[in-house]
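K.L.:
Below are the chains, spelled out letter by letter.
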Amino acid sequence: MDKNYILHKYLNGEATIEEIELLKKDSEYSSFLKISEATKAFEIPTFNSEETFSALTSKLDKKEGKVRSLFSSKYILRIAAVVALIVTSYLFLENRTTAITTEIAQKENFFLPDASEVTLNAMSNIAYHKKGWASERKLTLEGEAYFKVKKGSTFSVETPQGTVTVLGTQFNVFSRENKFHITCYEGLVSVAFSDTLVKVPAGNYITIENNTLISNETLAVTSPSWVANESSFENALVNDVLSELKRQYPIHIKTALHLNKRFTGSFTHTDLTVALRSICDPLQLDFTIANNEVIIYAKNSN
Amino acid sequence: MTDTVCSEKIYNQIYHNWGKSIFHFIFFKCGDEDQANDLVQEAFIKLWQNCEKVPKEKAKSFLYTVANNMFLNEVAHKKVVLKHAQLQPHKINEQSPEYLLEEKQYHEKLQKAIANLTEAQRTAFLLNRIEGKKYAEIAEILGISVKAVEKRMSQALASLRNEIEKI
Chain S
36 MDKNYILHKY
46 LNGEATIEEI
56 ELLKKDSEYS
66 SFLKISEATK
76 AFEIPTFNSE
86 ETFSALTSKL
96 DKKEGKVRSL
106 FSSKYILRIA
116 AVVALIVTSY
126 LFLENRTTAI
136 TTEIAQKENF
146 FLPDASEVTL
156 NAMSNIAYHK
166 KGWASERKLT
176 LEGEAYFKVK
186 KGSTFSVETP
196 QGTVTVLGTQ
206 FNVFSRENKF
216 HITCYEGLVS
226 VAFSDTLVKV
236 PAGNYITIEN
246 NTLISNETLA
256 VTSPSWVANE
266 SSFENALVND
276 VLSELKRQYP
286 IHIKTALHLN
296 KRFTGSFTHT
306 DLTVALRSIC
316 DPLQLDFTIA
326 NNEVIIYAKN
336 SN
Chain G
6 MTDTVCSEKI
16 YNQIYHNWGK
26 SIFHFIFFKC
36 GDEDQANDLV
46 QEAFIKLWQN
56 CEKVPKEKAK
66 SFLYTVANNM
76 FLNEVAHKKV
86 VLKHAQLQPH
96 KINEQSPEYL
106 LEEKQYHEKL
116 QKAIANLTEA
126 QRTAFLLNRI
136 EGKKYAEIAE
146 ILGISVKAVE
156 KRMSQALASL
166 RNEIEKI
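So the protein lines, in turn, are chains S and G.
By my numbering, the letter at position 68 of the first sequence is numbered 103, and the numbering carries on one by one without gaps.
By my numbering, the letter at position 43 of the second sequence is numbered 48, and the numbering carries on one by one without gaps.
Everything labelled a hint here was simulated from the structure, so no lab data went into it.
Do not take every clue at face value.
[To be verified] With a cut-off of at most 30 Å between alpha-carbon atoms, the simulated DSSO-like pairs for lysine-lysine come out as follows:
1. G:K171 <-> S:K59
2. S:K60 <-> G:K152
3. S:K60 <-> G:K117
Please read all numbers here as calculations on a predicted model, not as lab measurements.
Chain S on its own, in the form it takes in the complex (with noise of 0.2 Å):
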């Protein structure tokens, strides 16, 4: 066999020892493998790894490691996730609805992005959503509140028992429990509810009942009187009128009889004697006032 092939298949690490003994026999080749073998036991200095690379890096600390490390994948994962964040609560608090809620004898004031207004009576809730309210004029009403619209697209009101649109207009919307009050004091107003749709006109007012059109009837006033800190009633429950004062003072009413009388008048939210000897004296009541609690009997009973 070639000992050139051989020698060389040695140097590979390949050779066998049988090979390996054929080239010693050899006095050029086993000069060879002599050489080749004392040569590995020549040491080279060691390389020190850990001191040369932090040698390294302060040079490319220095050059522009750090500019670089700026655009890497990991700062730019992290400034998009900043981003996200930012633009997810950003959307979030754009698409929030806006919701306005009153307590027992609280009444808020406040206008809708159009300049619209609205009075909020005790006990109630409005909700919308600012950021679509140019394109659609729509929110959602529990209890009672009254409405100045500037005139304009389609304003709507949703109430558990209906919906109430205009168009521009003074109303005043009651939506309790199964009552619903719609009161029109300017304009025209239409009013959905189950499957029936009555037109409003101004100085009318209709109350429906449990899905059904109880009244339609007219009135001279141009505002509703509890904007004024007044409730009015006209022919009222005894019970609906006991409701709204419960709603304006924080009491309690404590009452034997059967009050199933109807009331016409009003009383005044600032006062609550006041208030109660303008509801209890044409129906021939008294009452007695101690700590939030009211106890209504008969005049003559004592």
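Based on these hints, arrange chain G on the given structure of chain S.
P.N.:
Below, chain G without anything else, positioned relative to chain S:
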């Protein structure tokens, strides 16, 4: 994106894989420890600066090529000075003082002879002998054919033998 050398993690990994080899490679060429250290640093700085252009798989040959080019650019080439390593003591009991002296003289001669090799021969020879690299790998590093590596090895051995046995 993940395979670019610009990622610090990959860059560090490449350094730990090849830093030592590059150091040896340059040392075999110039025999100067400090110069080898400097060139290793320079080569890795070049790699970082070009990290977007160099794929991970090409980093090794990029480093060898850059280190070699920078070596060639440096004017002062020093002779390779190799320190004699302590031999493994598996024959220690039988070693007579004469034998040890002989061995020492032989290594000194060999050391001088290696220093007198051409740079091309010496690099190939030491990469094979000390680093234990196969011909194919040496061919890849030096950018030559396996046949050329064989030739350089033969020439190196012949030259070393001539020098040792003459003196």
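K.L.:
Take the hints in turn and mark each one as holding or not.
P.N.:
Evaluation of the provided hints:
With a C-alpha separation of about 20 Å, the suggested pairing of K171 of chain G with K59 of chain S holds against the 30 Å cut-off. For the suggested pair K60 of chain S and K152 of chain G, the alpha carbons sit about 26 Å apart, so the restraint of at most 30 Å is met. Taking the CA atoms of K60 of chain S and K117 of chain G, the gap is about 27 Å. The hint holds against a cut of 30 Å.
Comparing the model with each earlier hint shows no violations; every hint is respected.
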